[in-house]
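Peer 1: So you can see what is in the structure, the chains are spelled out below.
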Amino acid sequence: MFKKILIANRGEIAVRVIRACRELGIPSIAVYSDADRASLHVRKADEAYHLGPAAATESYLNIQKILKTAKTSGADAIHPGYGFLSENPVFAQACAEAGLKFIGPTASAMQMMGSKTHAREQIAKAGLPIVPGTSRPLQSPAEAHEVADRIGYPIMLKAAAGGGGKGMRLVHKPAELNSALQSATSEAERAFGDGSVYIEKAILNPRHIEVQVLADEHGHTVYLGERECSLQRRHQKVLEESPSPLVDVEMRRRMGEVAVRVAQAAGYTNAGTVEFLVDQGKNFYFLEMNTRLQVEHPVTELVTGLDLVHLQIRIAAGEKLPFSQNEVCIRGHAIECRIYAEDPDNNYLPSPGKITLLLAPSGPGIRRDSGMYEGWTVPIDYDPLLAKLIGYGTDREQAISRLVRALNEYFVGGIKTNISLFRRILNDQDFHQGRVDTGFLDRLLNCSASESPEKDARIAAIAAGVFAHLDAGSASGNGRAHDLPENVFSSWKKSARLEAVKESRE
Amino acid sequence: MLYDITIDGKNHRLELDRADGRWHCRLDGSDFQIDAVLARPDVLSILIGGKAYEIKRERVANDMHLWVGSSRHSVEVRDPRSLRSRRSGVSSDQGPKRLLASMPGKVVRVLLREHASVEAGQGVLVVEAMKMQNEIKSPKKGIVQKIIADEGTAVNAGDLLAIVE
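For the record, the sequence lines run as chains B and P.
For what it's worth, our numbering labels the leading residue of the first sequence as 1, then goes sequentially.
For what it's worth, our numbering labels the leading residue of the second sequence as 1001, then goes sequentially.
Treat each hint with caution, since some may be false.
List of simulated lysine-lysine pairs, DSSO-like, C-alpha gap at most 27 Å [as the list claims (entries may be wrong)]: (1) B:4 <-> B:101; (2) P:1137 <-> B:354; (3) P:1097 <-> B:354; (4) B:68 <-> B:125; (5) B:354 <-> P:1106; (6) B:237 <-> B:71; (7) B:166 <-> P:1106.
Heads up, incomplete: computed chain P residues facing chain B, CB under 10 Å, no partners named [claimed, not checked]: (8) 1001; (9) 1014; (10) 1018; (11) 1025; (12) 1046; (13) 1054; (14) 1055; (15) 1057; (16) 1150; (17) 1151.
Simulated from the structure, these hints should not be mistaken for lab results.
Virtual Cβ for every residue (Gly too), placed ideally from N, Cα, C.
Model the full assembly from the supplied sequences, consistent with the hints where possible.
Peer 2: Printed below as a string of structure tokens:
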């Protein structure tokens, strides 16, 4: 087993991996930038080393600095978390060359799945279902027209070198194709340094369903159920759940087996996720593979009873998978909300700042993976994910009610968060019926939110007065105002009334 | 104690008296008996006629908000005894409104000139932070009295950007 593990990440995922290390009795090493010295992950680790200035290129994305820190600290393995260097084959290769075990797949498996067109080509060759379209970057507008006519409109133009919505264009008819091709190409060039674009058939209002796979380094690969991730805003996931309300036992088996074959085609080891688009006829098509542990892994952990980070570490240390496919059991239902420091009233713009008050939920069926704490200042330099709140229950209905209850208990003061968004989602009839697709959140956000009741305003007024009264009591040096004798109050009352009369006359 | 309280732009008059650990309130002429306990410096537990309310206070820059359960209300309290409220003078829809930066960043565009008229909700300046642009809007209809932060100025949270009269 490893002597020390360096976690090349920050925030809630660094805390989560550090916890797994502690549970396995392995010393953990944290790294931090200037902006993160007071972060939670630094406090929870056994050792912590400074990387550099806040900018990611000078810290969490800086391969040289991270490898140097690993050497200085005596780490023999690195867990990359998600984002940052987790899907960077250059980093995985550099770790291998430095004699450090990268807790994840090999550089070559990453490389194969990292290029969307290359991945599609390999998957198509293996006879597995992909979204109809091209597997190579388009060579000319003429080729684009030919392919589009063949597979039928509407079609989607996509960037070969990256995702996140950049370089994507939905085209409904031939007349739109040329200009869409031009703008997709230039956007892809600006975002990824590679303007290559390919075509896929556009599936209308698809569902995004992904399968968790896990493979050891001895040839055993299993699937661990699926996650429904259709609730997205601008192609960023906001809420995920397992199992998917759409998927039955038979479909789970078929999707899982395809996912395993995809992983095997890539020579994949450790934890990974195969993403599918599912159309209204319940047909599923390979979209892409994510060669890392994902943000939403907790929902899978809760319904399978497995600890994926423990398993990642053990697989990387050379252990065999301690269970077989038919021992994997999906039980109950889990739903995760991603809590972001964003302003729902201002187009979800990031809302950094100091957290002045934190009331965090707990209780039955509630899991909270968090990187924030009361008094912490959310830095402006990174992705604003604060925490993940997961509700687990025997069935979907119970998971929802537990999550709603927990969201009512959750209060983050001093910054804006998207907590109110989840109340709206979880209250929605279509959501309750499991009628979701990738257009769901846009439709929900287009309807205006309901107003707060009039009655609350009066309670707020009373509370405002009480706060002011108590503030004044403590400001004058008397912390325990309610212990003061009656006559002191009366003279305060008298002079206050006099001043109030004077004030209102002015 | 007498207070003038504005909740979400609406004015209320509150009289609060404390005797034997109980609070007597008169809110806009209606009388209530309440029980109030401070659980933490910014968390109040209030009981009114058996109903329980948890109120959280949030103070960011010069703004105060109170949350009653999960609904949020903007709050201004004019306490006759406090120096701060005497200094800020009449605070209502009629007074000048200060536009503050809500996060650190840089002013990239000033949308209106001084003395221009502005509608409630209309953008006055644009502040850029974390590679995203944030339009600072006027909370009321009026005239742009003064632009304090010019194009190119770096700002911190709470900094005064402009005043709308």
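Peer 1: Could you run down the list of hints and mark each one as holding or not?
Peer 2: Outcome of the hint check:
As the CA atoms of residue 4 (chain B) and residue 101 (chain B) are separated by approximately 11 Å, the hinted pair is consistent with the 27 Å bound. With a C-alpha separation of about 23 Å, the suggested pair residue 1137 (chain P) and residue 354 (chain B) falls inside the 27 Å cut-off, and the hint holds. Among the hinted pairs, residue 1097 (chain P) with residue 354 (chain B) is consistent with the structure: their alpha-carbon atoms are about 24 Å apart, no more than 27 Å. With a CA separation close to 41 Å, the supplied pair residue 68 (chain B) and residue 125 (chain B) exceeds the 27 Å bound.
With a CA separation close to 19 Å, the supplied pair residue 354 (chain B) and residue 1106 (chain P) stays within the 27 Å bound. Only pairs whose Cα atoms come within 27 Å are accepted, and residue 237 (chain B) paired with residue 71 (chain B) is rejected, the gap being roughly 36 Å. Of the supplied pair hints, the one linking residue 166 (chain B) and residue 1106 (chain P) holds, its CA atoms being roughly 26 Å apart against a limit of 27 Å. A hinted interface residue such as residue 1001 (chain P) counts as satisfied when its beta carbon comes closer than 10 Å to some beta carbon of chain B; here the least separation is about 5 Å, so the hint holds.
The closest approach between the C-beta of residue 1014 (chain P) and any C-beta of chain B is roughly 4 Å, which is under the 10 Å cut-off, so the hint is satisfied. With 10 Å as the threshold, the beta carbon of residue 1018 (chain P) comes within range of chain B, its nearest partner Cβ sitting at about 7 Å, so the hint holds. Against a cut-off of 10 Å between C-beta atoms, the interface hint on residue 1025 (chain P) holds, since the closest Cβ of chain B lies about 6 Å away. The restraint placing residue 1046 (chain P) at the interface with chain B holds, with a minimum CB-CB distance near 6 Å, inside the 10 Å limit.
About 9 Å separates the beta-carbon of residue 1054 (chain P) from the nearest beta-carbon of chain B, less than 10 Å, and the hint is met. Satisfaction of the interface hint for residue 1055 (chain P) is found here, the shortest Cβ-Cβ separation to chain B being roughly 4 Å, below the 10 Å cut-off. The interface hint given for residue 1057 (chain P) holds, since its Cβ lies 6 Å from the closest Cβ of chain B, which is under the 10 Å cut-off. For residue 1150 (chain P), the interface hint is violated, since its Cβ never comes within 10 Å of a Cβ in chain B; the closest pair sits about 22 Å apart.
Hint status for residue 1151 (chain P) relative to chain B: violated, with the closest Cβ pair at about 20 Å, above 10 Å.
Hints 4, 6, 16 and 17, counting from the list given before, are not met by this structure.
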